[in-house]
Every structure is written in C-alpha cells, then in structure tokens.
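Visitor: One rule links them: number in this note's numbering = place in the sequence shown (from 1) + 20.
Source of the hints: derived by calculation from the structure; they are not laboratory data. Here the structure is a predicted model, which is why all the values come from computation and not from measurement. Don't be surprised by glycine CBs; every beta carbon is placed ideally from N, CA and C. Warning: the hint list may mix true and false statements.
Said to hold, decoys possible - Ranges between beta-carbon positions, derived for each pair:
#: 1; residue 1: H95; residue 2: E70; range: 35 to 45 Å
#: 2; residue 1: M72; residue 2: H95; range: 16 to 26 Å
#: 3; residue 1: E36; residue 2: R78; range: 45 to 55 Å
#: 4; residue 1: E36; residue 2: Q90; range: 17 to 27 Å
#: 5; residue 1: L87; residue 2: Q45; range: 22 to 32 Å
#: 6; residue 1: H95; residue 2: V32; range: 46 to 56 Å
#: 7; residue 1: E71; residue 2: M102; range: 15 to 25 Å
#: 8; residue 1: A46; residue 2: M72; range: 21 to 31 Å
#: 9; residue 1: R44; residue 2: Q89; range: 24 to 34 Å
#: 10; residue 1: A39; residue 2: A107; range: 42 to 52 Å
#: 11; residue 1: V75; residue 2: R41; range: 39 to 49 Å
#: 12; residue 1: V32; residue 2: S86; range: 14 to 24 Å
#: 13; residue 1: L106; residue 2: Q45; range: 27 to 37 Å
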Amino acid sequence: MSERDKELLRMVGMSEQQAERNARQAESESEPDGLTGRVYYGLHLEQPDEEMVTVSVRLPKATVDSLNQQARRYHISRSEYMRRRLAPAGQ
21 MSERDKELLR
31 MVGMSEQQAE
41 RNARQAESES
51 EPDGLTGRVY
61 YGLHLEQPDE
71 EMVTVSVRLP
81 KATVDSLNQQ
91 ARRYHISRSE
101 YMRRRLAPAG
111 Q
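Input sequences plus hints: build the corresponding full structure.
Guide: Below, the structure written as structure tokens:
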C-alpha cells in the first residue's frame with residue numbers, strides 16, 4: 021500500500037486491515053453486501069418469480085464464438101452471459 025493510500029485511509033479513519041477486508045468482501049461475488057445486493061447465479065439481479073424455460077436459438081458460428089469469448093472473459097457460462105445481456109436495464 022502506498023503512502024498516499026495510507027494517508028487517505030487515515031483521513032477517513034480506516035485501517036489497512038479494514039480496507040483489505042472490505043475489498044475482499046466486495047470482490048467475492050459469493051455473499052450479499054451493501055454494494056451489490058443479493059447474488060443469484062453470480063449475477064446481481066433479483067431472482068425471478070417466474071418459471072425458467074429453455075429456448076433454442078440458431079445463430080451464426082461467428083456470433084456463438086464471440087459469445088463464448090465474452091463469457092470466458094467474465095469467467096461465466098455462455099448461458100449466464102446471454103441472460104445478463106438479455107436482462108432488462110435496471111434489474
């Protein structure tokens with residue numbers, strides 16, 4: 021931690037340990053916190069009350085390759101990536 025970081029922590033009354041603990045909690049994505057809300061399937065959306073159904077879609081191979089690449093980038097499944105992309109804004 022840089023001297024500037026330590027100075028900023030002193031200004032707001034936080035210890036280095038508290039800052040590290042808060043960072044681990046915020047980055048964990050495995051437990052609810054005040055920053056992200058509840059976590060479902062690794063996605064910060066409220067769990068729908070509706071029944072989930074399967075939909076098959078034919079897509080060009082280049083599109084599927086791109087979806088796979090983006091999903092890998094976020095370390096999630098292709099299905100989860102597509103759900104996130106299709107979720108209405110604000111959820």
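Visitor: Work down the list of hints and note, for each, if the structure agrees.
Guide: Status of each hint after checking the structure:
1. H95 / E70: 35 to 45 Å: violated, 27 Å
2. M72 / H95: 16 to 26 Å: holds, 22 Å
3. E36 / R78: 45 to 55 Å: holds, 53 Å
4. E36 / Q90: 17 to 27 Å: Roughly 35 Å apart at Cβ, these two residues miss the hinted range, so it is violated.
5. L87 / Q45: 22 to 32 Å: This hint holds: roughly 31 Å between Cβ atoms.
6. H95 / V32: 46 to 56 Å: Taking Cβ atoms as reference, H95 and V32 lie about 32 Å apart, which means the hint is violated.
7. E71 / M102: 15 to 25 Å: holds, 18 Å
8. A46 / M72: 21 to 31 Å: Holds: the Cβ-Cβ distance is about 28 Å, inside 21 to 31 Å.
9. R44 / Q89: 24 to 34 Å: holds, 28 Å
10. A39 / A107: 42 to 52 Å: violated, 32 Å
11. V75 / R41: 39 to 49 Å: Holds, at about 42 Å.
12. V32 / S86: 14 to 24 Å: The hinted range 14 to 24 Å is violated for V32 and S86, with Cβ atoms some 42 Å apart.
13. L106 / Q45: 27 to 37 Å: holds, 29 Å
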